[in-house]
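Colleague: Sequence:
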Amino acid sequence: MQTFTMVLEEIWTSLFMWFFYALIPCLLTDEVAILPAPQNLSVLSTNMKHLLMWSPVIVPGETVYYSVEYQGEYESLYASHIWIPSSWCSLTEGPECDVTDDITATVPYNLRVRATLGSQTSAWSILKHPFNRNSTILTPPGMEITKDGFHLVIELDDLGPQFEFLVAYWRREPGAEEHVKMVRSGGIPVHLETMEPGAAYCVKAQTFVKAIGRYSAFSQTECVEVQGEAIPLVLALFAFVGFMLILVVVPLFVWKMGRLLQYSCCPVVVLPDTLKITNSPQKLISCRREEVDACATAVMSPEELLRAWIS
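Residue numbers (this note's numbering): 77 to 387.
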């Protein structure tokens, strides 16, 4: 009897195993997912850069690919809950996806991801809580404070077109007034103030994103000091050379202009040699009288000439 019972148990076990192995191919047909779905979905968002991450699906010796889709407020409420493929994450290898270009409005977004291996796909894993970009972490901007001569200059990191920066600066002394300036973009040196010699100036800045209406914390304060020193050597040298040029050029210019005015207003007339008088005035008068007498004799009548000749 005991032997018969053992035979029946073996028969039932064989039938069960045969049924199990016969059922497996049926379970693997059609589009039944055999890959595990990605787990631990989360979004890391810093300075308006949004990165969806998940735990990788491990299949030894195989490369698993992932696809990401999103659903905004419009798709969720007015477009029959459709899902839109991510711009950059269609069959990507890494367990992360940059969805910054997909998140274009300050509204809740649903995100989901699935794994793909050949013709096999996993189920979709959906982010537990919708993501809104106004929850991004804003960090203080990187900045470089320099002095150009006596000018206080700041240059901020370029974080993109959505970012503006609020810069506060003041003279480091008790009771100093704090000045504020809005810088519209980074990556460009901006003049803040003309500094006084021997004084120190301090600067701090914070990031502002108008699209979400939020500010970051202020950066650490940085200070620069202008030494109370004399005019730089090069500047002094140029000043000396300029002064010497003025001392030489100005008198020369005045003298030259005086000569030009003299020649223009009071020219010196030089007579040609043919018009110059070489004899004295007395001789000239005597000569003229002799010429008159000769002319008078030349004009006497014939009768007068006859009388003169007879007498």
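Incorrect hints may have been included.
Beta-carbon label-pair distances, calculated as ranges [said to hold, decoys possible]:
no.	residue 1	residue 2	range
1	E149	P237	22 to 28 angstroms
2	P273	E231	40 to 46 angstroms
3	D174	E254	34 to 40 angstroms
4	P206	E231	35 to 41 angstroms
Calculated pairs, BS3-like style, for lysine-lysine (alpha carbon to alpha carbon, straight line, at most 27 angstroms) [claimed, not checked]:
no.	residue 1	residue 2
5	K257	K125
6	K280	K257
7	K223	K286
8	K257	K223
9	K125	K223
10	K204	K332
11	K332	K286
12	K125	K280
To be clear, the hints were calculated from the coordinates, so they are not data collected in a lab. For each residue, glycine too, the CB sits at the ideal point set by N, CA and C.
Colleague: Hint by hint, say whether it matches the structure.
Modeller: Hints and how they fare:
Restraint check, E149 to P237: a C-beta distance of roughly 23 angstroms satisfies the suggested window 22 to 28 angstroms. For the hinted restraint 40 to 46 angstroms between P273 and E231, the CB-CB distance of approximately 23 angstroms leaves it violated. With their beta carbons about 38 angstroms apart, D174 and E254 fall inside the hinted range of 34 to 40 angstroms. P206 and E231 have their C-beta atoms about 38 angstroms apart, which keeps the hinted 35 to 41 angstroms range intact.
A hinted pair counts as satisfied when its Cα atoms are at most 27 angstroms apart, and K257 with K125 qualifies at roughly 26 angstroms. Of the pairs offered as hints, the one joining K280 and K257 holds, with about 11 angstroms between alpha carbons and a cut-off of 27 angstroms not exceeded. Simply put, K223 and K286 have alpha-carbon atoms about 30 angstroms apart, too far for the 27 angstroms limit, and the pair is violated. Between K257 and K223 the alpha-carbon distance is near 17 angstroms, which keeps this suggested pair within the 27 angstroms criterion.
The suggested pairing of K125 with K223 is violated, with an alpha-carbon distance near 33 angstroms, which exceeds 27 angstroms. Between K204 and K332 the CA atoms are separated by roughly 92 angstroms; this puts the pair beyond 27 angstroms, and the hint is violated. Between K332 and K286, the direct Cα distance comes to roughly 67 angstroms. Violation of the 27 angstroms bound is thereby established for this hinted pair. As the CA atoms of K125 and K280 are separated by approximately 24 angstroms, the hinted pair is consistent with the 27 angstroms bound.
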